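Line by line, the protein sequences are chains A and B. Position 50, counted from 1, in the first sequence is what full-length UniProt numbering calls 50; the numbers after and before it change by one each time, with no gaps. Position 88, counted from 1, in the second sequence is what full-length UniProt numbering calls 88; the numbers after and before it change by one each time, with no gaps.
Possibly wrong hints are sitting among the right ones.
[Stated by the list, open to error] In silico contact screen, one side only, chain B against chain A (beta carbon under 7 Å); selected entries: (1) Lys53; (2) Glu77; (3) Phe254; (4) Asp256.
[Said to hold, decoys possible] Chain B stretches covered by chain A per the calculated footprint, using a threshold of three residues with CB under 8 Å from any CB of chain A: (5) 81 to 93; (6) 106 to 113; (7) 237 to 251; (8) 414 to 426.
Derived by calculation from the structure, the hints in this document are not laboratory data. Everything numeric in this text was worked out from a predicted model, so none of it was measured. By construction, the Cβ of each residue, glycine as well, lies at the ideal position given by its N, Cα and C atoms.
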Amino acid sequence: MATTVSAPAPGRRRRTPLARREARWAYLFLAPWIVGFLVFQAGPMIASAWLSFTEYDVINPPEYTGLDNYRELMADPQVARSLGNTVYYTTLHVPLVMAISLGLALLLKRVGRLQGFFRTVFYLPVMTPAVAVGILFLLLLNTQDGLINRALGLVGIDGPSWTTDPDWVLPGIVLMSLWSLGSTVIIYLAALQNVPRDLYEAADLDGAGAWARFRHVTVPLISGSLFFTLIVNTIASLQMFTEVYTMYFGNRQTAGSFNSDAASFYVIHLFQEAFQFLHMGFASAMAWLLFVIILVITVVQVRLSNRFVYYEGEER
Amino acid sequence: MSRTLRVTALAGVLTLAISGCGGVGGGDSGGGGSKGTGALTTMGFGLSDEIAKTRVDAFKRDNPNVDLKITEGAFDEQQFLSAVASGNPPDLVYMDRKLIGTYAKRGSIQPLTDCVDKQQIDLGQYRQAAKDQVTLDGIVYGIPEFSQVRVVYLNETLLKQAGLTADDVDLSDWAALPALNAKLAKVTGGKLTRIGIDPKIPEFLPMWVKANGAEMISADGAKANLNDPKVVEALTTGLKLIQDQGGWGKFKSFRDTFDFFGAQNPLAKNQIAAWPMEEWFLNQVAKNSPKAELVVKPFVDRQGKPLTMSAGQAWVITKGAKNPDAACRFVKQMTATDTWFAAAKARAEARKAANLPFTGVWTGNANADKKIFDELYQPTGNKRFDDAVATIRSAQDAAFAMPASPAGAEFDKAWTDAVNRVLSGQAQPAQALGRAQQEATAALDKAAK
Numbered sequence: 001m002a003t004t005v006s007a008p009a010p011g012r013r014r015r016t017p018l019a020r021r022e023a024r025w026a027y028l029f030l031a032p033w034i035v036g037f038l039v040f041q042a043g044p045m046i047a048s049a050w051l052s053f054t055e056y057d058v059i060n061p062p063e064y065t066g067l068d069n070y071r072e073l074m075a076d077p078q079v080a081r082s083l084g085n086t087v088y089y090t091t092l093h094v095p096l097v098m099a100i101s102l103g104l105a106l107l108l109k110r111v112g113r114l115q116g117f118f119r120t121v122f123y124l125p126v127m128t129p130a131v132a133v134g135i136l137f138l139l140l141l142n143t144q145d146g147l148i149n150r151a152l153g154l155v156g157i158d159g160p161s162w163t164t165d166p167d168w169v170l171p172g173i174v175l176m177s178l179w180s181l182g183s184t185v186i187i188y189l190a191a192l193q194n195v196p197r198d199l200y201e202a203a204d205l206d207g208a209g210a211w212a213r214f215r216h217v218t219v220p221l222i223s224g225s226l227f228f229t230l231i232v233n234t235i236a237s238l239q240m241f242t243e244v245y246t247m248y249f250g251n252r253q254t255a256g257s258f259n260s261d262a263a264s265f266y267v268i269h270l271f272q273e274a275f276q277f278l279h280m281g282f283a284s285a286m287a288w289l290l291f292v293i294i295l296v297i298t299v300v301q302v303r304l305s306n307r308f309v310y311y312e313g314e315e316r
Numbered sequence: 001m002s003r004t005l006r007v008t009a010l011a012g013v014l015t016l017a018i019s020g021c022g023g024v025g026g027g028d029s030g031g032g033g034s035k036g037t038g039a040l041t042t043m044g045f046g047l048s049d050e051i052a053k054t055r056v057d058a059f060k061r062d063n064p065n066v067d068l069k070i071t072e073g074a075f076d077e078q079q080f081l082s083a084v085a086s087g088n089p090p091d092l093v094y095m096d097r098k099l100i101g102t103y104a105k106r107g108s109i110q111p112l113t114d115c116v117d118k119q120q121i122d123l124g125q126y127r128q129a130a131k132d133q134v135t136l137d138g139i140v141y142g143i144p145e146f147s148q149v150r151v152v153y154l155n156e157t158l159l160k161q162a163g164l165t166a167d168d169v170d171l172s173d174w175a176a177l178p179a180l181n182a183k184l185a186k187v188t189g190g191k192l193t194r195i196g197i198d199p200k201i202p203e204f205l206p207m208w209v210k211a212n213g214a215e216m217i218s219a220d221g222a223k224a225n226l227n228d229p230k231v232v233e234a235l236t237t238g239l240k241l242i243q244d245q246g247g248w249g250k251f252k253s254f255r256d257t258f259d260f261f262g263a264q265n266p267l268a269k270n271q272i273a274a275w276p277m278e279e280w281f282l283n284q285v286a287k288n289s290p291k292a293e294l295v296v297k298p299f300v301d302r303q304g305k306p307l308t309m310s311a312g313q314a315w316v317i318t319k320g321a322k323n324p325d326a327a328c329r330f331v332k333q334m335t336a337t338d339t340w341f342a343a344a345k346a347r348a349e350a351r352k353a354a355n356l357p358f359t360g361v362w363t364g365n366a367n368a369d370k371k372i373f374d375e376l377y378q379p380t381g382n383k384r385f386d387d388a389v390a391t392i393r394s395a396q397d398a399a400f401a402m403p404a405s406p407a408g409a410e411f412d413k414a415w416t417d418a419v420n421r422v423l424s425g426q427a428q429p430a431q432a433l434g435r436a437q438q439e440a441t442a443a444l445d446k447a448a449k
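Construct all of the structure, not just a fragment, from the sequences and the given hints.
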């Protein structure tokens with residue numbers, strides 16, 4: 001769109017009529033999102049903040065109980081357990097997804113003509129419904145007949161009881177989560193393709209080896225994408241729900257009646273408190289605690305990113 | 001706090017923590033009121049087979065002025081609560097009977113006292129176990145539909161291979177179960193390839209506990225009894241059967257490979273010798289493995305007396321239902337003797353057309369069952385199936401049910417968590433059940449306030 005930019009005047013800048021008209025159009029186009037955000041996000045969030053200070057079963061009017069829900073939250077061993085499981089999962093899942101995705105993206109970059117095909121292949125699992133992924137991995141992780149343990153058996157390893165041994169339930173879930181890393185791969189591939197070739201040539205001339213080129217050229221120039229995926233994957237991991245709920249807590253005909261403390265994730269516990277036990281006030285407090293945790297982690301990550309992330313064109 | 005604010009708050013909990021878990025149901029108001037005409041909405045029910053369709057058609061035929069809207073799909077707590085919170089609940093909900101105590105205590109479903117009086121519904125026709133599950137503090141909140149019971153299935157082929165007969169399988173003699181299990185189970189190359197006895201825990205623990213002469217919860221659903229030594233003994237007995245077959249990991253992973261709904265079912269594949277299970281499996285065997293050497297026996301207590309656990313669905317009328325009169329007529333007709341009989345007749349005809357045996361319909365209405373089996377049911381000619389049908393029919397008279405409880409979901413979670421901790425080796429039975437007792441008591445006490 002053509003714009004007319006007037007020379008900056010001393011003191012306060014005056015916008016031209018065209019700029020003001022453009023601004024109005026911009027707000028108009030943004031309006032659906034703003035309305036959606038206020039109605040479906042901000043409004044419910046404020047209401048749930050209020051509910052977190054009440055005893056509320058969804059059916060009867062809420063009763064104000066002060067900080068009781070938060071006190072109960074801190075004393076509930078199941079909350080601590082589910083939070084611990086979720087953090088453990090996140091700590092394993094995020095670095096693994098980033099490392100494997102980067103490795104795959106680097107390989108894909110070298111593929112050449114078939115890159116489009118492999119890009120599609122790696123992205124396809126992302127399109128698999130989460131419930132189907134849960135069911136699929138219940139079968140793949142089967143101790144006696146699952147493909148994973150059969151593969152391990154070929155190299156002489158007696159595979160663990162992925163779905164029943166409390167020590168192996170979370171690693172099994174992490175394994176399942178790697179099924180859907182296609183989005184991260186595609187982001188990294190796009191970032192890698194934007195790294196200027198002349199920088200590699202210059203590094204070559206300086207005698208840099210493969211590792212040095214990767215460490216000092218590739219990583220800095222894709223650090224923006226690395227940071228983005230770190231944030232997004234961390235938040236998604238802390239909100240893990242559907243696949244695990246399907247595997248361990250869903251329909252008894254499909255998931256079996258067995259579930260394990262080891263598979264108790266924070267959002268699953270929240271969901272049970274809200275909709276199965278009708279403790280909506282307590283669940284609201286849980287939701288706000290998770291919100292604060294995610295906020296703190298994200299702020300820390302953003303602060304750290306100032307030291308490690310390079311944005312093209314920025315002055316440092 | 002306004003209703004709108006509460007609805008948005010409900011959405012907020014998930015907005016903060018989960019994205020994309022939505023779905024609010026609810027019906028059109030439509031009116032109708034005391035005349036019982038106009039719109040009538042349901043939730044949790046589907047027209048999946050002739051049993052459902054025949055009964056719904058009967059209601060439509062007799063109530064042409066009622067615009068019946070069936071929102072098909074299984075009961076979904078989130079959908080139901082959202083509809084209630086928005087002040088737009090369906091008139092009728094078809095839900096698992098074990099949920100009724102909780103919703104009744106919270107006031108989201110109506111007592112059916114007036115409905116029963118006005119429509120002159122004969123509560124005496126419904127099976128006692130089913131009625132226990134829909135009654136809280138002496139007030140009826142639901143009308144029972146099907147009555148699912150558990151019986152013991154035996155694979156006679158495997159019994160013969162072990163040199164045994166069906167009479168040798170005596171589930172009343174708990175001390176002899178490990179030896180019997182050892183004769184029937186098979187481990188090949190370190191892998192469990194045949195289950196001897198499957199105690200079906202955690203699901204069927206209440207039945208083992210009852211067989212041991214104890215109750216897991218008081219009759220009024222208000223007091224937990226999970227740390228009773230007899231409960232511990234029942235869990236220990238089931239645990240030993242599983243541990244003797246390689247432990248829970250191998251046992252469960254082998255069982256997870258079973259396909260109970262196809263020709264390759266575990267009976268046909270000789271993967272299991274003896275196990276308690278719901279009565280519907282008989283229909284699957286009749287359909288998929290008509291030549292299987294199946295013997296069905298009643299589950300028994302430690303004195304050898306038949307015993308079974310009943311479960312199933314029920315119809316409830318929601319608080320705020322816009323057409324309670326029509327809803328009441330609907331539940332009466334859906335569960336009436338003649339309606340069940342018409343549905344069973346449709347089922348029998350469908351089975352005949354498909355060249356499959358008709359093995360009966362098991363309802364919560366004892367009069368309907370009697371009429372179906374007296375007037376409609378014909379022995380198949382296959383003695384195994386005919387004996388099995390007789391066994392299931394007699395088991396219905398020996399049924400008990402977990403009573404309605406104001407904290408039913410939390411109580412269930414407490415004891416199933418305990419069993420799961422034991423099965424996965426995280427705790428001993430007494431320790432796990434002790435913890436469950438504390439958790440269940442806290443939940444029940446809180447719900448009672």
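>> Name the hints, by number, that the structure is in violation of.
In response: 1
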